[in-house]
Amino acid sequence: MTGTDPITFQSLIDWIEHRLTDAEMREVEDRLAMLSPQTQATMDWLRAFSEARSRVKIEQPAGNLHAVLLNQFQPTVAQRILQRVTALLTFDSAQQPALAGVRSVELRARQIVYDCDLIEVAINVRPSRQSDRLDINGQVFPHTSAAASDLVVHLFRGTELADISLTNDFGEFSFTAVPSGSHRLVLIAEDNQIELEAFDLPLSATG
Amino acid sequence: MAISSSDWDLITACRAGHETAWEELVTRYERLPFSIALSYGLSRDDAADVTQTAFLALFRSLTGLSEDTRLSAWLATVAHRQTRRILQRGRHEHPDTLDLIDERLSSIGPSGSNPMERWELVEWVHYGLESLSERCRRLLRALYFDPSEPSYMEVADRLVLPVGSIGPNRARCLEQLRQILQNRS
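In the order they appear, the protein sequences are chains A and B. Each residue of the first sequence is one higher than the last, beginning at 1 in the numbering used here. Each residue of the second sequence is one higher than the last, beginning at 208 in the numbering used here.
Hints should not be assumed to be uniformly reliable.
[Said to hold, decoys possible] Derived Cβ-Cβ restraints for the label pairs, each shown as a range: (1) Ser340/B with Gln79/A: 52 to 58 Å; (2) Glu160/A with Ser358/B: 43 to 49 Å; (3) Trp215/B with Thr86/A: 25 to 31 Å; (4) Ser340/B with Val85/A: 41 to 47 Å; (5) Asp216/B with Ala41/A: 21 to 27 Å.
[What the hints assert, rightly or not] Chain A side only, calculated, beta carbon under 10 Å to chain B, not exhaustive: (6) Leu12; (7) Trp45; (8) Phe49; (9) Val56; (10) Leu65; (11) Phe73; (12) Thr76; (13) Ala78; (14) Val85.
For the record, the hints were derived by calculation from the structure and aren't laboratory data. Please read these numbers as outputs of a predicted model, since none were measured by experiment. Note that the Cβ used here is the ideal one computed from N, Cα and C, for glycine as well.
With the rest of the complex left out, here is chain B (with noise of 0.2 Å):
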């Protein structure tokens, strides 16, 4: 499958059984469901049963979805859900870290209730990096999602970048991620 194939595209070549589509899928949406988890808490290792999860459920449903799905959404949903799932058996199975886990689950909320949850900007955000280029994407990965938050000297020399290029070049990738989700939306 060629790199800009649609997820539709990649849907498709699924259910004709394709696993290099499959593989496709699973590069680009990996860390949207793992992301969704983690941001409310979750361990590295529930993050992960979130993610294998969704996939599963996504490889169930694969001939059920439709081409107007927005699979980035579905498995956002999904992930989401899950994550719920495991914040309240951590309720019953942990008492003693009520408040914690109370306070994550409040701030995950019912769908629908607030114009913007927490595993919505996850989308939104996933949405918006997996639309850059690859350089760009690279980029702004490293300058604010990096839990190691390296340095712009760091930065630039994983990158392969004049250290004085950065600053500019997070400008221009930072643009054009506010085009993409601003006619997303």
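Next comes chain A alone, as it looks inside the complex (with noise of 0.2 Å):
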């Protein structure tokens, strides 16, 4: 607020909030127009938080909740060094050669897989319905006994955390209007780090 504006910001925010009298707020109203550029600027922030704080809640969780957060903690999984595995592409439907007689427009679906020890991840990348970007749905098969549900999945893109995901109870994760870009999985399951060989998507889900 200036000096020489004609409204004190306690009165702007008793104006946003409707907690003024009929001709306060006529009043107020009046002197709209004389605001100074970082007065207005300011009015427009109220406003937004007046939206913001309309739409959404903010609350605290009950106390059981809290010591059951709390009980997630286990000191020695904590220190525990996360070992770092690389899945490898095995396919990628991108580098097939197309099939003669078969139009483009079917092959819109592009599926990748990865393989390492662990596990098996297959992924399916399609236009995404709502966007010109693209969707993501994956699914983790492990070779082993361990569970496929639960698992962190960080989607990179560049070196920048883009999106992050949980697989289900069948391993299936999912990501939704990715852009195109050089992306990169990584996986968090149990006492492995995996991570997966970067893939570049165009916009045409095709390769």
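Both chains are given apart, each in its own frame, so use the hints to dock them into the complex.
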């Protein structure tokens, strides 16, 4: 707020929150046109905050949940050193020759498969229905008796962490509306950090 | 761990097996996944499940996180995905409530399709509140995020403040919040 502004910060808040009398509301509205650009920006922020708080809840969970969360910590497990494993590309449909007579429109999905001693990961890439981006659906198949569920799957775009997913009971995970670029998946599974070789996603999922 | 420990300090301490660091992370962030789930209309029980899953994923990923990981955004992303999964499961299990679930699913949207999805708003507000002084945090939570919508009188009573100071304190705390969030962006 500047010293020349005709409305105090507090009055602006009260106005936005409808805490003023009708006469006070009109008084503020009459002076809105005289606001400095700085105060105008402040008012825009207050409105954005007011809109945000009407759309979201910020609440404290029950105390018993707090105790459950604390119990998730196991010091010996936290100190473990993850073994890094690289899963290699074993199949990419984009690198296969097109079948004679098959129209390209039918090849919109791209399949990619990675493999290592611990797991096989099958990935399908399709154009996203809701945007010009791509949807990635994957499934983890353990080679051992280890569970496929609740693995943490990190999607990196270049070196930046772009998204995170968790595998469901069937080992499935997904990412939606992924932009084109070079991507890499990293899975955290028990004592292992499994890194898949990077793959490029052009705008067309067919490669 | 000191109250002012950074997220990275806490993650590093957790990796060394310090339970107090984990406790601080939980205290700092337990509202975030819980609130994201609630903001999409999940029950408190389902929101608790989302929160448990988010922290379990965090625990499992501790070793894999890097110093530039924004923990707040990391947890929010996991919570958002878990919320979506529960909503999709509800679509199969409760077809009689399809309209309501579809409305919630459409509001969750694909990540990145909208400049500020609801889960991102929760993360934005949560970050701002957590960055405030304890006094301001308690006041703004009571004024704007308490589901019982207490009056100024009730807030003053709860926080042991003169009722006449609530308005000016609210203005000062909102100004702090504005500066924190604008500096972040």
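Structure-based check of all given hints:
1. Ser340/B with Gln79/A: 52 to 58 Å: violated, 34 Å
2. Glu160/A with Ser358/B: 43 to 49 Å: holds, 46 Å
3. Trp215/B with Thr86/A: 25 to 31 Å: holds, 26 Å
4. Ser340/B with Val85/A: 41 to 47 Å: holds, 46 Å
5. Asp216/B with Ala41/A: 21 to 27 Å: Between aspartate 216/B and alanine 41/A, where Cβ atoms are some 34 Å apart, the hint is violated.
6. Leu12: For leucine 12/A, the interface hint holds, since the closest Cβ of chain B sits about 9 Å away, which is under 10 Å.
7. Trp45: Cβ of tryptophan 45/A sits 5 Å from chain B, so the hint holds.
8. Phe49: holds, 7 Å
9. Val56: holds, 5 Å
10. Leu65: holds, 5 Å
11. Phe73: Holds. Min distance 4 Å.
12. Thr76: holds, 7 Å
13. Ala78: Since chain B brings a Cβ to about 5 Å from alanine 78/A, closer than 10 Å, the hint holds.
14. Val85: violated, 12 Å
Going down the numbered hints, you'll see the structure goes against 1, 5, 14, while the others check out.
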